Structure formats: structure tokens, C-alpha cells
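If you read the protein sequences in the order shown, they are chains Y and X.
Letter by letter, the first sequence follows residues 331 to 672 of this note's numbering.
Letter by letter, the second sequence follows residues 331 to 672 of this note's numbering.
Bear in mind the hints are in silico, worked out from the structure with no lab data behind them.
Among the clues, some could well be false.
No distinction is drawn between identical chains; accordingly, a pair holds when it is met within one copy or between any pair of copies.
[To be verified] Straight line, CA to CA, 25 Å or less: simulated SDA-like cross-link-like pairs of lysine to any residue:
| no. | residue 1 | residue 2 |
| --- | --- | --- |
| 1 | 561 | 671 |
| 2 | 508 | 361 |
| 3 | 374 | 507 |
| 4 | 374 | 434 |
| 5 | 334 | 387 |
| 6 | 338 | 571 |
Since the structure is predicted, the reported quantities are computational estimates derived from the model, not experimental observations.
There are 2 protein chains.
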Amino acid sequence: MKQKITLKHIARELGVSISTVSKALKNSEEISVDTKEKIQAFAKLYNYKPNNIAVSLKNKRTKNIGVVIPDIVHHFFTTVFRGIEKYANGQGYNVIICVSDESFDKEVINMEMLNNGSIDGFIMSLSAETQQKNDINHLREVVDQGIPLVLFDRVTDDIDCDKVILNDREIAYKATVKLLEEGRKRIALATTESYFNVSEKRAEGYKQALTEYGIELDDNLVLVLPYDDIKEEVINDFFEREAVDAVLSVNEIFAIQCMSVAKKRGMKIPEDISFIGFTDGLLSRYSNPRLTVVAQHGVTMGEEAAKMLIDRVEREIDGNDEEAYRTHIVEATIIERESTKN
Amino acid sequence: MKQKITLKHIARELGVSISTVSKALKNSEEISVDTKEKIQAFAKLYNYKPNNIAVSLKNKRTKNIGVVIPDIVHHFFTTVFRGIEKYANGQGYNVIICVSDESFDKEVINMEMLNNGSIDGFIMSLSAETQQKNDINHLREVVDQGIPLVLFDRVTDDIDCDKVILNDREIAYKATVKLLEEGRKRIALATTESYFNVSEKRAEGYKQALTEYGIELDDNLVLVLPYDDIKEEVINDFFEREAVDAVLSVNEIFAIQCMSVAKKRGMKIPEDISFIGFTDGLLSRYSNPRLTVVAQHGVTMGEEAAKMLIDRVEREIDGNDEEAYRTHIVEATIIERESTKN
DNA sequence: GAAGGTTACGAAAACGGTTTCGTGTTAATA
DNA sequence: TATTAACACGAAACCGTTTTCGTAACCTTC
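Given only the sequences and the hints, what does the whole structure look like? Please build it.
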């Protein structure tokens, strides 16, 4: 078991000082070519790698970014994370990830765990509970400390920082219009229980489209489902109660489940009823019929978030601090598959 | 923007030495109650948090663990990661994750990025390419350096370290037996192209069961599919060519796709044909019919891997180094749903 | 040959903690 | 009153780097 080698070891072994070794390995002009070659060869031979922790302490930057998300076993967050990781690694940054599990307390604890010098900045999407309570003191604190923060998807207007969001309202509007253009009259909205800002925005788009097409809003057509453990009866009762000829769903699970119930009730898709869901995950791709979806381009969102964060981190280092906060909007697209008419 | 406060600040402000502050905050007996109270109150007021980087440098341990996996947008790995993160966070460890994207080079680069003092140990699952080449010098190197390493799922026999694996052979055997007990005679195996050790083990179990039931092995019943971009025709041709009354699939995607083709060919599930897939993901749960699966208990695997790693890290610190390497076997279970007979 | 300029390197401070050891003050004891 | 022990704290080393500054030794130049 060979221990990691340090500057000190090299210096002692070669009979020079630590500073000389450090400079030589950075190819400093200060050191003679002979000495540099000797030191570099030795370092290479023993596979010297600077200790990152020491460098971090000295430089006051870690090249780590902290990601706090509500869930990882979830297609959208996974793809966003993929984007973050991809961009960050490309820039030589590592990614430390913590999962809040939709819990406010865990979110706070996670942030505290990371906010002790371990990271250069945060990328976050708020937990359900945080959004409900709208308690964002933990975010305020990091912003006040001057630690760069980028919020994505589940953001809050109450905090001033960089953000990456989807054009939720517009795309929901477009999706609804698409259903209307198919001739659908009674379009249901399958949405979440607790109030996520994204669900709200999607509902706005949905309503706007209906209104523009002269269709009266009917609250009975809004089906609110719990985040998990969805009972099929609930959906069945809904279909029993309401004559529905299309469903716009804020996620793919709701859409798939509604589709499944509709099929069981003998409805033909897309002849009798159309479906559009948010999130272009595996479920949509392999469902029967394949589900028309709103692709959220998670990877793009992640890359953009990482870019915004890293740009700001590096700007801070260079001293050009005061750049205004931006909100980047990622354009969702509709992927037409078999659950809607063409 | 208030800067983070350090021991030095507190010391200066309170007119004591840094050592006194450090000790007071650790509630050392050496410091008088008065002084301690004063210092602790001050620290609390200014929300003092020790700088993790400095502590890491001093202690030579980071309380970070590095996870390198082939893919994150993949249900199984995601659940394992969830388990790792859960256990690790509970023990006060953070998790840095890198994705190798099934590429050998990226795997090596990722490990090098982390192996410079940033982490106390690795948890890994090998990339497809690494398994193909069976080039494991990068693993050897970290093991030689005495850095704890835990391999899970996609492991190699050629490296001596802690491992967490599934009882792949046995569970594939059981699944096949289940199909045989249903009276199935021509059981297909849908498997991957490149040779993953897990696919191989599953194939072994499959073959063993057939042999024990006196059924001659027929290589024509083994359907090898590419990892992505599967063409439906390939599967259709397979069904056209071979009379198949059951399919055991090494993952859920293959199973779902085969099921979809079988349905299109007019076969009744599970009357005419049964399906069992590995991985209890969303696809299986929401497919039609719902797919009977082998649950790999990813969270358990992740927790176990994290536990093994952290135990070893902490043992090393305490000096009781030489504990033999273990291989923990997680028992998969079969979840019966609608794609098999009861 | 004195003044000034390079060259090539080392000493030391700094990053923010932890920890060992030394020491001045006070209290207890003989 | 002298000795000693307990108490409360500070100095300093250390973790592994980076970086500033100082300085011998040599080289120019007039």
C-alpha cells in the first residue's frame, strides 16, 4: 500500500525546497529548466497529484457544486441532474447531490451539510413542503453569504437569484390548443394535490386556451390526484361522472393511469379520447398507445443551470461580481405520438 | 453579504486565542465554564460553522464518498444511489456522484477526478466497456493506495474488495422454474448484447432450470438485443421464427417490448404466453398487463454498499485495518403481477 | 571595481482548523 | 512559608498547497 506522495516528499527526496517543487510542477519561469525537468520526471514517476483539499483550502474554492433536489427516482430530476453533471464535469467540477425527499427539514439539513465550505455554489429545486410553506430562509441565508444559487423548475419568486424554468404556461396552452384543434370539447386537467408552482402555471395555460376557444371553465374537469398511491377507482369515478374527450396531465404517471382506465372503460385512443402528459419518460415511450408528451428537456435545463452557476462562481473569483440575476427559460416541445390525433 | 466567520474572528473579537475558541466550541474540560459560555454564545450568534475543508485537511478524511456508476437515468442505478445517499447522509457523509456513461475512459477520468483527497472511498458499478475490456488497473490503483472500494452489481472477480451483488443466478433459476411450473415449454431468454456478468449469471440460472426440468437448451430461444434503439421487427421476427410460450428478460424494457409485440401478434397474456422481467421499475408497474418482475431491491443494495464502505473507512481510522473483504448478497424477490399465471 | 540587474531558489506566511505541550496563576497541602 | 497540584489558557506545530518576498551568486556595464 503506497501512500499518496506530497510536495514535501518530492522536495526531501530531491533535496530542494517545497516551493521549488510547487513552482516546477507549475512550469514556473522562476525555476531552471534542469531542475524543472528533474522534478517533473520524479513527480510523474511517482504519480503525484496535488491534494485537492489543500488546494481548496488555499484557493477558497472547491470546484464542487451542491445539488439539492426533491427526488432522484424520478425521470425529470434524473435528466436534469444528468445535464448538470455533464456540464460540471466538463468544466472540472464535481457534483455533490443531496435528496430532500420533498421534505422541508431535509432540504434545510442538506443545505447546512453542504454550506460549510464544501461547495462553491448550489443548484436546487424546491421540495413540495418548502413550496407549500413558502419558507425560504435557508435560501436567503446562502444568498446573503454571497454563495451563488441557481433554482430550477420548482422556483420561488421571493428569492433573488439565477433561475432556470420551463415555459410551463405557454406549453400547457399549446398542448391544450392542440387538443382543441382536434375538436375536443371536454378537456380534463389531471394535476397534483399540493400547489407546485409548475402545476399552477400549467393550469393557467390550460385555462387560457379554453377561454380563448370560448369554452367555459368547468372545475369538475380538474382531477386532483395525490402524488403517490393513486387509486384507480378515483379515476374511474371521474370518468363515470364526467364525459371527457381529452386529458392534459401535469406528469406522465397520471396520464398513463388515466389512459389505462379509459381503455378499460372501452374508450378508443385517440378516436374517442386524447391524452397529453408532461415528461418524456420511459412510461410515455413504452405505453400502449405511446403517449404524446410535453418534453421538458431536462438535460438542457441541467446544463443551463450548471452553466449559470459556474459562470457566476468564476466571475466572483475574477472580481467582476455584480452581474444581474437572470431567469433562463427553456422551451418545452410537444412530441406527438399515438395518444392524440394528427 | 456577510462573510463566513472563522475561529480567528471569534478569537480576536473576544480577546482570547484561537486554541481557546476551538476547545470551547468542542466543550473541552480545559476551558472554564464562563469562557465556554461566552464563546459558545458568540459563535451561535454569528452562526459559526467550522470550515469543512480545513477540518478535512487536518483530519485527512473528508466525509465524502465517491460514487461512479454507468448511468443515472436508469431505474436500478437510481434506486441504488438512493440507498447510498440515504445511508451516507445518515452517517454525516456526503455523496459525490460521477457518471461513466458506460465508457471506460470516462470511468477512469471520473476516478482520477475524485482520487486526489476529495473522498474517503469509492462505491462503483463497472461500465459496460470496462467489463468488456476487463481492464481494471484504475481499480487496482485505488485499492493499492489503501482507498476503500465497494463494487456493486457489475463487479469483477479480478479485484479484491468489498462487493454487493444480487443472487442473479438463483433468482433467474427461480423465475425460470416458475415459468416451467406454469407448464411453459419454450421459454425464451431476452438478454443484452455485450457480456455483463449479471446477464451471464442470469443466463446460467435460466439454463440450469431448463436442464433440471429435462428441457433441451435451444440457442435459438436466446434473443440478444442491443442496449438501445431496439427495432420492433427484430422482436417480431423472433416471434415469427420461434414458437415461444414464455419470456424471461434480463431487464424491464426488453420484457415490455416483447410483451407489446406479442400482444400485437394476437397472443393473450398470460394465457398464451408469460413474461418475467428483471427490475421493478415504473414500466413494469404501469404496463398492461402489469409485468411480473424480479425486484432487485436497489435501495437495499445501496444502503448495504454504503454501510460496508463507511464501516471500512471508519475502521481504518481507528487503526483496526485488516478486516477481510466481504461479498454481501442481496436476495432478489419475484413480484407476481399479471403477466404470469398464478 | 562598484553599481545594478538577472537568475534560481528558499523562507515564511497564509488558508482554517485540531491538538500537543508549555506556562502563569491560583489553591491546596505539608 | 515553601511545595505542589489543579486550573485555564496560549504558543506553536501540523495538514498540503500557493504565493510573496528576500537573497545569495553570478553577470553586465561603465
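A quick look at each hint next to the structure:
1. Only between protomers do residue 561 and residue 671 lie at most 25 Å apart by alpha-carbon distance; the minimum there is 24 Å, versus 28 Å within a single protomer.
2. Taking the closest pair of Cα atoms, residue 508 and residue 361 never come within 25 Å of each other, the shortest separation being 69 Å inside a single copy and 73 Å across copies.
3. Proximity of residue 374 and residue 507 under a CA criterion of 25 Å is satisfied in neither setting, with 63 Å inside one chain copy and 56 Å between copies.
4. Taking the shortest Cα distances, residue 374 and residue 434 sit within 25 Å of each other only across copies (22 Å), while inside one copy they are farther apart (48 Å).
5. Taking identical chains as interchangeable, the C-alpha atoms of residue 334 and residue 387 lie at most 25 Å apart whether they share a chain (18 Å) or sit on different chains (14 Å).
6. Taking the closest pair of Cα atoms, residue 338 and residue 571 never come within 25 Å of each other, the shortest separation being 78 Å inside a single copy and 69 Å across copies.
Consistency with the previously given hints fails for numbers 2, 3 and 6, ordered from lowest to highest.
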